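Make the full structure from the sequences, and use the hints.
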Amino acid sequence: MSSAFDDKELRAAYEPALRESTTTHGPDCPTESELFAAVRGEGIEAERLRVLDHALKCPACRRELALLHAVSTGETVAASRNIRERSWKNWVPAALAASLVLVAGLAGLARLRVRTSDEVTRAGAAAGPALVTPANGAAVRSGLVSFTWRSMPAVIQYTLEVDAADGTVLVSSPTRDTTLRAPIAATAVGENRWLVRAKLQDGSERRSAAWVLKVR
Amino acid sequence: MAQRDGRPLSRAMTTTGSHLRLVRGDELPADQGQPYVRGMAGAGLDHVSSAIEGVIARFRTLVRSVGARRGLVEADLDEVLQDVRIRLWQAGEGGKTLEELGSSYLYHVATSAALDLLRRRRARRAADSEDIDERTELKTEKLSPHDAVEARELAAQIDAAIDTLSIDRRVAVRFHLAGYDREDISRMLGWTEARTRNLLYRGLDDLRRRLTDMGISPRRTG
Chain A
1 MSSAFDDKEL RAAYEPALRE STTTHGPDCP TESELFAAVR GEGIEAERLR VLDHALKCPA
61 CRRELALLHA VSTGETVAAS RNIRERSWKN WVPAALAASL VLVAGLAGLA RLRVRTSDEV
121 TRAGAAAGPA LVTPANGAAV RSGLVSFTWR SMPAVIQYTL EVDAADGTVL VSSPTRDTTL
181 RAPIAATAVG ENRWLVRAKL QDGSERRSAA WVLKVR
Chain B
1 MAQRDGRPLS RAMTTTGSHL RLVRGDELPA DQGQPYVRGM AGAGLDHVSS AIEGVIARFR
61 TLVRSVGARR GLVEADLDEV LQDVRIRLWQ AGEGGKTLEE LGSSYLYHVA TSAALDLLRR
121 RRARRAADSE DIDERTELKT EKLSPHDAVE ARELAAQIDA AIDTLSIDRR VAVRFHLAGY
181 DREDISRMLG WTEARTRNLL YRGLDDLRRR LTDMGISPRR TG
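If you're matching them up, the sequences are chains A and B in order. Start counting the first sequence at 1; every next residue gets the next number (the numbering used here). Start counting the second sequence at 1; every next residue gets the next number (the numbering used here).
The hints are simulated quantities; they were obtained by calculation from the structure and are not laboratory data. Don't take every hint at face value.
Below, in silico cross-link-like pairs of lysine to aspartate or glutamate (EDC-like), each with a Cα-Cα straight-line distance of 20 Å or less [what the hints assert, rightly or not]:
1) A:Lys57 / A:Glu15
2) A:Lys199 / A:Asp166
3) A:Lys57 / B:Asp159
4) A:Lys199 / A:Asp177
5) A:Lys8 / B:Asp205
6) A:Lys8 / B:Asp147
7) B:Lys142 / B:Glu153
8) A:Lys57 / B:Glu153
9) A:Lys8 / B:Glu153
10) A:Lys8 / A:Glu205
11) A:Lys57 / A:Glu20
12) A:Lys57 / B:Asp163
13) A:Lys199 / B:Glu193
14) A:Lys214 / B:Asp206
15) B:Lys142 / A:Glu15
16) A:Lys8 / B:Glu79
17) A:Lys8 / B:Asp206
18) A:Lys214 / B:Asp159
19) A:Lys57 / B:Glu53
20) B:Lys142 / A:Glu20
21) A:Lys57 / A:Glu45
22) B:Lys142 / A:Glu9
23) A:Lys214 / A:Asp166
24) A:Lys57 / A:Glu34
25) A:Lys214 / A:Glu191
26) A:Lys57 / A:Glu47
Quantities reported herein were computed from a predicted structural model and do not represent experimental measurements.
Written as structure tokens, this is what we have:
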């Protein structure tokens with residue numbers, strides 16, 4: 001058995017750190033306005049990263065982050081629809097209409113969230129396609145590079161992905177085959193990673209291990 | 001005007017605890033600084049009140065479902081919703097129709113109320129710590145004192161390992177472990193879904209390697 005944490009074990013082991021809760025802030029804490037701007041994705045990325053990195057570690061800020069996120073998320077769903085009833089005196093049917101819209105929207109979001117979260121949780125390397133070439137850690141020249149992997153049953157589509165160290169996707173090519181020649185740009189010089197995602201007939205997705213691909 | 005026990009009902013409501021309450025004229029708060037909301041009387045008021053409560057209750061369910069697993073504290077939400085309740089009354093009193101308000105108005109008001117709450121708290125420099133029971137989704141099994149100490153130490157070691165990751169992977173991993181999903185991360189950080197996924201995978205892989213290097217492994221039983 002692997003001695004590394006799987007996702008469930010990692011979450012469980014980290015949970016005591018999340019239980020600490022306080023409203024006392026320190027001098028390094030962002031203001032509530034800075035926190036809210038970060039929640040809304042406003043401002044430059046470096047600043048958002050700084051604010052959110054602190055907020056996720058600091059118990060007082062983490063609590064505020066959770067509140068701001070919870071009350072503001074879903075606004076996009078609600079904003080696209082208006083409550084239909086006209087009069088203040090008709091609050092009851094209006095409330096029902098608004099609630100149905102909101103519940104439907106949120107239920108959709110919840111389903112989407114379960115699906116995307118599960119991909120991270122379940123899509124272990126063992127469950128996905130086995131990579132063949134280029135070997136893990138192999139160095140290649142920029143230009144066309146051949147990638148191969150082993151087939152899996154019940155797959156309707158594979159997607160080859162090559163991504164840079166900062167997470168930028170360099171290549172994302174769908175195919176039904178188990179080999180693909182993909183262009184690797186000269187700008188990809190350095191250590192990248194490649195992996196294959198397999199979309200199955202039942203709608204689920206499996207991910208291969210991620211192998212290092214050095215581009216010279 | 002509607003009457004009860006031969007006395008006219010006031011045209012006002014007052015806030016008590018977390019609920020709006022219909023009051024008589026002679027029960028209006030002596031301290032005019034105390035918040036109260038003018039409204040209709042009698043059956044009309046009851047009608048509006050129950051409708052607002054219905055909206056609030058449903059909104060609460062929605063917000064809780066978003067906040068669940070992400071550390072939303074119930075008491076915080078209750079305070080925000082009390083403020084939202086009052087603002088809805090005031091909007092109605094101002095002659096706004098629901099059509100004018102729209103459902104997004106609820107989110108706008110709730111966000112504004114949440115920010116006001118945080119500002120008030122920070123201004124008071126509140127130093128009270130909250131009990132774990134206030135959290136929505138962090139119920140855990142009872143641990144012995146020894147196991148609890150060990151669990152906290154392990155969490156601290158994981159935290160230290162996370163600190164060594166590059167900031168983009170670190171934030172993605174912290175979000176993930178705090179219960180946020182990739183859609184949340186993408187939206188807040190302005191990353192594409194693919195970039196978010198890649199950074200999260202890389203971050204989790206890095207973290208597992210760090211933990212292995214530190215000689216930290218999961219405690220497995222059975």
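To see whether the hints hold, each was checked on the structure:
For the proposed pair Lys57 of chain A and Glu15 of chain A, the alpha carbon gap of about 12 Å is at most 20 Å, so the pair holds. Straight-line distance between C-alpha atoms of Lys199 of chain A and Asp166 of chain A comes to about 25 Å, which puts the hinted pair past the 20 Å bound. For a cut-off of 20 Å, the pair hint linking Lys57 of chain A to Asp159 of chain B stands: about 8 Å separates their Cα positions. Using a Cα cut-off of 20 Å, the hinted pair Lys199 of chain A and Asp177 of chain A holds, with the two alpha carbons roughly 13 Å apart.
Taken as a hint, the Lys8 of chain A and Asp205 of chain B pair is honoured in the structure, with Cα atoms around 14 Å apart against an allowance of 20 Å. Restraint check for Lys8 of chain A and Asp147 of chain B: satisfied, since their Cα atoms lie roughly 19 Å apart, inside the 20 Å limit. With a CA separation close to 17 Å, the supplied pair Lys142 of chain B and Glu153 of chain B stays within the 20 Å bound. Between the alpha carbons of Lys57 of chain A and Glu153 of chain B the distance comes to roughly 16 Å, so the proposed pair stays at or under 20 Å and holds.
Among the hinted pairs, Lys8 of chain A with Glu153 of chain B is consistent with the structure: their alpha-carbon atoms are about 18 Å apart, no more than 20 Å. For the hint pairing Lys8 of chain A with Glu205 of chain A, the CA-to-CA distance comes to about 18 Å; that is within 20 Å, so the pair holds. Of the supplied pair hints, the one linking Lys57 of chain A and Glu20 of chain A holds, its CA atoms being roughly 10 Å apart against a limit of 20 Å. Under the criterion of a C-alpha separation no larger than 20 Å, the hint pairing Lys57 of chain A with Asp163 of chain B is consistent with the structure, at around 10 Å.
Pair hint Lys199 of chain A plus Glu193 of chain B holds up; C-alpha atoms about 16 Å apart against a cutoff of 20 Å. Distance restraint check for Lys214 of chain A and Asp206 of chain B: the Cα-Cα separation of roughly 18 Å lies within the 20 Å cut-off, and the hinted pair is therefore satisfied. Using a Cα cut-off of 20 Å, the hinted pair Lys142 of chain B and Glu15 of chain A holds, with the two alpha carbons roughly 14 Å apart. A C-alpha spacing of about 33 Å is found between Lys8 of chain A and Glu79 of chain B, which places the hinted pair above 20 Å, so the restraint is violated.
Simply put, Lys8 of chain A and Asp206 of chain B have alpha-carbon atoms about 16 Å apart, close enough for the 20 Å limit, and the pair holds. For the suggested pair Lys214 of chain A and Asp159 of chain B, the alpha carbons sit about 30 Å apart, so the restraint of at most 20 Å is broken. For the hint pairing Lys57 of chain A with Glu53 of chain B, the CA-to-CA distance comes to about 36 Å; that exceeds 20 Å, so the pair is violated. Using a Cα cut-off of 20 Å, the hinted pair Lys142 of chain B and Glu20 of chain A holds, with the two alpha carbons roughly 16 Å apart.
The hinted pair formed by Lys57 of chain A and Glu45 of chain A meets the criterion: a straight-line CA distance of about 18 Å does not exceed 20 Å. As the CA atoms of Lys142 of chain B and Glu9 of chain A are separated by approximately 17 Å, the hinted pair is consistent with the 20 Å bound. Between Lys214 of chain A and Asp166 of chain A the CA atoms are separated by roughly 15 Å; this keeps the pair inside 20 Å, and the hint holds. With a C-alpha separation of about 16 Å, the suggested pair Lys57 of chain A and Glu34 of chain A falls inside the 20 Å cut-off, and the hint holds.
Using a Cα cut-off of 20 Å, the hinted pair Lys214 of chain A and Glu191 of chain A holds, with the two alpha carbons roughly 4 Å apart. With a CA separation close to 16 Å, the supplied pair Lys57 of chain A and Glu47 of chain A stays within the 20 Å bound.
Of the numbered hints stated above, those contradicted by the structure are hints 2, 16, 18, 19, listed in ascending order.
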